[in-house]
Amino acid sequence: MSFNPACLKNENLGKLVWPLVALFAIVVFNVIFTPGFFNLEIKDGRLFGSLIDILNRGAPVMLVSIGMTVVYATGGIDLSVGAVIAIAGAVAATIIRPDYVKGVIEYGEMAPLVTVIGVPLLLALLAGLWNGALVAYVGIQPIIATLILMVAGRGIAQLITEGKIVVFIHEPFQFIGGGFLLGLPVPIVIVAVMLLVTYLLTRKTALGLFIEAVGANPKASQYMGIRAQLIKIATYMFCALCAGIAGLIICSDIKAADANNAGLFLELDAIAAVIIGGTMWGGRFTVAGSMIGALIIQTLTTTILTRGIAPEVTLVFKALVIICVALIQSEAFRKILTGRLAKTEAGQS
Amino acid sequence: MPTTDAILEVRGLSKTFPGVKALQDVDFTLKKGEIHALMGQNGAGKSTLIKVITGLYKKDGGEMLLDGKPFECDSPEEAPKIGISTVYQEVNLIPNLSVAENIYLGRQPMRFGAIDWKTLNRNAAEAIKKLDLDIDVTQPVSSYSIAIQQLVAITRALDVKARILILDEPTSSLDAAETARLFDVLRKLKSEGIGIVFVTHFLGQVYDISDVITVLRNGRLVGVKSVDELPRLALIEMMLGKSADEVECVEKGAGEAGDAVDAECFLRVQGLGRRGAIRPFDMEIHKGEVLGLAGLLGSGRTEIARLLFGVDKAQEGRIFVKGQEARLTSPRKAISLGFALCPEDRKSEGIIADLTVRENIVLALQARTGIFRRLSPKKQEEIVDRYIKALDIKTSSPEQKVGDLSGGNQQKVIVARWLASNPDFLILDEPTRGIDVGAKAEIENLILHLSREGMAVLFISSELAEVIECSGRVAVLRDRVKVAELPREAINESNIMKAIAQTEGQ
Ligand SMILES: Nc1ncnc2c1ncn2[C@@H]1O[C@H](COP(=O)(O)OP(=O)(O)OP(=O)(O)O)[C@@H](O)[C@H]1O
Ligand SMILES: [Mg+2]
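Going line by line, the protein sequences match chains A and B. Position 212, counted from 1, in the first sequence is what the working numbering calls 212; the numbers after and before it change by one each time, with no gaps. Position 12, counted from 1, in the second sequence is what the working numbering calls 361; the numbers after and before it change by one each time, with no gaps.
Heads up, some of the hints might be wrong.
[To be verified] In the PhoX-like style, the derived pairs of lysine-lysine whose C-alpha atoms are separated by at most 25 Å in a straight line are: (1) B:K380 with B:K682; (2) A:K335 with B:K370; (3) A:K335 with B:K750; (4) A:K219 with B:K662; (5) B:K696 with B:K671; (6) B:K696 with B:K662; (7) B:K750 with A:K15; (8) A:K335 with B:K407; (9) A:K43 with A:K204; (10) B:K636 with B:K696; (11) B:K418 with A:K15; (12) B:K574 with B:K430; (13) B:K591 with A:K335; (14) B:K510 with B:K478; (15) B:K400 with A:K335; (16) A:K219 with B:K696; (17) B:K728 with A:K204; (18) B:K696 with B:K407; (19) B:K407 with A:K15; (20) A:K219 with B:K408; (21) B:K750 with B:K407; (22) A:K204 with B:K381; (23) B:K380 with B:K510; (24) B:K510 with B:K537; (25) B:K408 with B:K418; (26) B:K510 with B:K381; (27) B:K696 with B:K400; (28) B:K750 with A:K204; (29) B:K750 with A:K219; (30) B:K682 with B:K370; (31) B:K400 with B:K539; (32) B:K537 with B:K574.
Just so you know, the hints here were simulated from the structure itself, not pulled from any lab data. Since the structure is predicted, the reported quantities are computational estimates derived from the model, not experimental observations.
Can you make the complete structure from the sequences, with help from the hints?
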């Protein structure tokens, strides 16, 4: 997890309190109702348990949330991450089995891992470049600009797989979604690495400060000579890269590319995670907060699944929890609440 | 009741923000038909007192009486309903709405259940005439200068049927003529029995218009005196809490650096112009020289600044930087040539309210050194500490949000940012707006110091005295034309006024 000493000092920590409380509440709920929630086992030098499971399952949301955080901080939003996930998976699977959609079952020559990973990620970066250029140079509202790729992207993914689910076997590639490294599932390791990279990129250079400045006051930033357009493009490309990696993890994990369902609604989870985490739309961002947000959402999803709640109500249930966390965070709402309480107390006494 | 004609009484008021006691046990009494000046250094608590009265902040303790009856506004929308009309320090108009809409927002004239646009615009046009303002009221307010926005905000406040009018630094970006017009209106309101609270850092204006002065220092009441019994020096002493001799004043021989005429010419401008902004003009600024820019409201001062910084593009003319012809196509280009602009509108072009004092100060310098060469925390701390001390910025810590500072202290942060970025050529557009007497001299001294080290400075201010004190040469503008340039020997108030008036006669 990235460690930022500055966030311990000032308001940032205060902002993390409420999301942490919410996460804690959900965890407590699980401890009470799910026996062995905290159990961790080491088998063949690998870590297993509910907690590890949540982190592992949550890797895609966490990754996408990292990217979404920086985009959100520049005053933008990226709705296309789900589509980019689908494209990345579709491309990777097609590289492994180029003729599968034509009905050829044989694999042919095994594609090298570099290609299987590299090409989808390059395409993801391209998608980010497209989004960023539309926002920064053409000047389209971020929500509209990325909506284009959100809609078109999934279509492209379906064209690549011709609407089929491409299943494959490719040992080295499967390592990404299902392997273990240092006793931990690889997706968790990837998230950790990305967090470290993000921390170094944003807080050890001036990039983080510039992102916040551009988001909070574009005009003032322009007067200081900060290259707002480049910074915006970079954040969209970074976000798309995160989505691309998430796409590879998902695809490698299920050993198939499902253009219809891969990463579906993940953009909403990521946006929710960022907001719960306390990043401002255009301004201060905290990746640590977004991670807590992502964990809240993933724990919730897992809880719902293990509790056997009907999938139809899953979304409604999620929405309720998100509303609650957002409300608790809102200062205005807390004021109303405490004001009411104070008044009723005063009335009673 | 001690006084029968008191309309507003505040007793033992206190208000605390995290880390600051903004008001402690403050008393304040406003009488009918009185113009009451509220004075104090930056961060003394003037705006906070006003905001507590109008319900923007909740008081922590004390009581507030209106006509002897306790009152408390739950929100600032309630204040006008009980007869308190306010112009806040930070102009809070809605940029995208028209001038007319802004004036009547919330009390639009209606006709058949819809807004009556014709009446709205006609009324607005009439309302702004009271301040002798002649602008198109259907244009969005953001298209006008900060001074005009301030006048629009005042117009909005004047148009409410109020018994109490509160003006928080209404004249901070107005020139002498505009201020005089405002004062005429205030005197008329006063004769109608309206009580007026007036905040300013211009001592001259206080003695011009007010009857009573209440002085705050560090959130506490220092004293209430009628104007006649409080000479200027005594007032300064009350505000600063130290004797006036200790107050820093601008070092004489200010223009010595201005003798740099034979020094290398940094910037030469030939026939630079832009339609509707400024007629083609020539100008030269030398290394180590402070060139003052004087002129009335709307005379084209800010327009020159924007042209020279590449915010607006010139339609004609040539620019030479150190003898080389240059094209100023964007602020980035200007910055790469060593230019910097400290803009007039601190709220929308200056501060980044959510970021800390430290970040706001180092940003411009950081932007110059680049993304990958982050200033070390130690270096940042060093710069920030130096400027917090030098400009006496009142903040609980360098990590405080700039948005929570008082208006004048925010301004100091912006000035610090640009001084710290150490450019070759610094354009300062109203740098001392809203800054108190003591700190003003500090800023002027810092500017002179930097210019002596070789920085070329273009100094824009609507306060004549300041221009005279700082500049080695003064260019005078009128109606978007450069009409005169005064050499150092000729810089004095009457010459500048003459230059402004002369062309007026033509
Ligand atoms: N919202 C806020 N949160 C925290 N501190 C605040 C807030 N508003 C004001 N303060 C603090 O309260 C003190 C008084 O501020 P105030 O704005 O009343 O000063 P002022 O007298 O109006 O100064 P100026 O002449 O600069 O406008 C300052 O130290 C300021 O930092
Ligand atoms: Mg103030």
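**Request:** Return the numbers of the hints above that this structure violates; sort them in rising order.
**Result:** Structure breaks hints 1, 5, 9, 10, 11, 12, 13, 20, 22 and 30.
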